[in-house]
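Engineer: So the sequence lines, in the order shown, correspond to chains R and L.
Position 36 (the first sequence) corresponds to 36 in my numbering; numbering is contiguous.
Position 277 (the second sequence) corresponds to 277 in my numbering; numbering is contiguous.
Hints are computed from structural coordinates only; laboratory data are not their basis.
All values reported here derive from a predicted model rather than from experimental measurement.
Mixed in with the good hints, there may be bad ones.
Computed footprint of chain L on chain R; a stretch qualifies when at least three of its residues, placed anywhere within it, have a C-beta under 8 Å from a C-beta of chain L [what the hints assert, rightly or not]: (1) 31 to 43; (2) 49 to 59; (3) 66 to 79; (4) 85 to 97; (5) 166 to 178.
Within a straight-line C-alpha distance of at most 20 Å, the following computed PhoX-like cross-link-like pairs (lysine-lysine) qualify [stated by the list, open to error]: (6) K3/L x K124/L; (7) K222/L x K14/R; (8) K14/R x K124/L; (9) K236/L x K183/L.
Ideal Cβ placement from N, Cα and C applies to all residues, glycine included.
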Amino acid sequence: MSKSSREPISDRRKFILNMARGAGLATLGGFVWSAYVDEVTASTLLLRPPGALVEEDFLKTCIKCGLCVEACPFDTLVLAAPGDHKPVGTPFFTPREVPCYMCDDIPCVPVCPTGALDESSVTKDGLLDIREIDMGLAVIDHESCIAFWGIQCDACYRACPILGEAITIEYAKNERTGKHAFMKPVVHNDVCTGCGMCELACVTEKASIFVLPREISTGKAGSHYIKGWDKADDARVKDAKAIKTKTRLSEKSAMDSLNDSGDLY
Amino acid sequence: MKKVWNSYRYLILRRLTQVGILVLYFGANAWGWTVLQGNLSSSLILGVIPMSDPYAALQMLVAGAALAMDLLIGVAVVTVFYMLIGGRAFCSWVCPINMVTDAAAWLREKLEINRVQNGKVPVKRVMRYWVLGLGLVVSAVMGVTAFEFISPISMVHRGLVFGMGFGWAAIAVIFLFDLFVLKNGWCGHVCPLGGMYSLMGKFSLIRVHHDEEACTLCMKCKDVCPEQQVLHMIGKESIPVLSGECTNCARCIEVCDDDALEFSIRKLINNKNIGASDEINK
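All chains, full assembly: derive it from the sequences and hints.
Structural biologist: Next comes the structure, spelled out in C-alpha cells:
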C-alpha cells in the first residue's frame, strides 16, 4: 500500500470519486441492459394478434397485460413466457396449434388499453371488419405440397375462411400421366389475412402451407421495375426523360473493347 | 391464538390480499371471471375501471409510443389510489415478489447469514432511483420498454396468471440474491418500481405513527422493518413515518409490545417535518 492511500481523502475528492463511480456503474448497467433488451426483442418470426402495430412500434406500445389473450374465445393468443425465445410477455399465436378463427366482432382488439392493437386499422366504414386484419401471409412449399405432385388435395382451399378469394385452385395438365390435372393452390397476397386456418388443415406431416409475417414472406421488386402493361404503374414513368449515355471507342483498337475479356475469366 | 393474531394480524391480511388478488387475476384467464382482468401491468376492474402501471407508461412515453386514452386513465387511477393510501402499499400488499423476498429475509434471519456476511454493503438504497432513471434512458435509446422486458415482477405475476415457462428462474434469482447477496436486496435497493411508488407515496395520507412516550426502545420494530431507514424517529420523536420508502407493511406495528406504533391518517396541517426522513436517506 502506498503512503498516500493511508492519508484521509478530502471531501471534494470523495464527492468526485462517488460521482464517477455512480456514472461508471450506470454506464455499465446501461450497456448490459441495452444489449439484453436488444437481443430479446430481435425475434421477427412471430405472428401478432389482429390489428397489431408494426413490430417496432408494437414492442414499445404493448404493455403485456394479456387482455387480448383473455378476450380470445379460442385460446389462439398466448403470452410469450420466459424460455419461449420470444419477446417476453408479448402476445402471439401459432397457427398449427390454434389458428385465428377470425371472429366477426374481433374481441381481442378493442380491449387493448394501449392501442398496440389498433382498432382503427381493422375498422372499415365505422365498423369492425375482420377482413381488414393482416397478421401475416400464407406461403406454399411447392416441393412438399402433394397437390403439386398431382395428388388431389384441396384441404387448405376448403379451410380458408375467405373461400375462393384468399386461396384459389389453378388447373394445369399433368404431363406425367397425360390424362390428369394438377389442382394447385395459389395464395392471393392482397386477400390473405394470415389467420392460419390453412396451415392447421394441411395434411402433410409438417405443414406445406404456412403463415409468416408479411415482411418475411414477401419480396420486393424495387421501384425501377415498371409494369408497362399496367396503365397505373406505367404512369409512374410518364414524365421520365431518357438518359442518353455514349461509350467512347477505344483509342487503340475497337476490337479490344469487345474481345479482350482477360479480366473476366 | 389471540397473541398470534395480535402479532401477525397485518401479515395475515397482507398474504390474504396478495393471494386473493392473484386468484382473481388467475380466475379471469382460466374461468372468465371479470372482477380483475389482465395483470399488474394493466388491468380492468369489473370490466370497466382501467388500471395501468405508471412506470410502464413512463417507459412507453420515452420510448416514443403514442399513449392511448385508456392507458392514461389507468395510470391516473393507480396514481391517485396509491397517493392516498401510500405508494409502497403496492409493494407489501399486492406485489407477488414481496412473498419471495419476505421468505428470503426470514430465512436469512434464521440462518444468521448477516453474521458471516459482515462486509460493507456495496450499494445504497438510493440505487433504486438510479435504476429507475436508467430504465428510462435505456427505453429512450433502444425504443422499447426496457424494464418491462426484465421485470421479475411482471414475469412472475404474468407467469402465475398465463403460464410460467422459465419464470420460476426469476423467482429463484430474486430469492438467492436476497438470501446470500444483499439483505432486502431486490425490494429495498434495486427495484425501480418500488422507487417509483416511493416517489408517488411521499404525500400519502395513511402513515405509521410513532408515540415516543410509549416506546421502551426494544428496537423490535427496526429489526423487522425491511426499510429500516424510515424508522429513524424511534424513541426520539413522536412523529409519523413520512418517508415514501415505508411500504406500509405494518410489521413494526404488530411486533411492538408497547403500542408505540399505529396507523393513522396523516395530519396535513401541522406537519413541518416533511422531508426530514428523506434527508436521512441520502
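Engineer: With reference to the structure, classify each hint as holding or not holding.
Structural biologist: Quick rundown of the hints versus the structure:
1. For the segment 31 to 43 of chain R, the stated coverage by chain L holds: 7 residues have a C-beta nearer than 8 Å to a C-beta of that chain, and at least 3 were required.
2. Counting residues of the segment 49 to 59 of chain R whose CB lies closer than 8 Å to any CB of chain L gives 3, so the stated coverage by that chain holds, three being the minimum.
3. Look at the segment 66 to 79 of chain R against chain L: 6 of its residues bring a Cβ nearer than 8 Å to a Cβ of that chain, three or more, so the hint holds.
4. A count of 3 residues in the segment 85 to 97 of chain R with a Cβ less than 8 Å from any Cβ of chain L is obtained; the coverage claim is therefore met, three being the minimum.
5. For the segment 166 to 178 of chain R, the proposed coverage by chain L is not satisfied: 0 residues have a C-beta within less than 8 Å of a C-beta in that chain, short of the threshold of three.
6. Between K3/L and K124/L, the direct Cα distance comes to roughly 36 Å. Violation of the 20 Å bound is thereby established for this hinted pair.
7. About 30 Å separates the Cα atoms of K222/L and K14/R, which puts this hinted pair outside 20 Å; it is violated.
8. A C-alpha spacing of about 16 Å is found between K14/R and K124/L, which places the hinted pair at or below 20 Å, so the restraint holds.
9. For a cut-off of 20 Å, the pair hint linking K236/L to K183/L is broken: about 26 Å separates their Cα positions.
The structure fails hints 5, 6, 7 and 9 (numbered hints given earlier, in ascending order).
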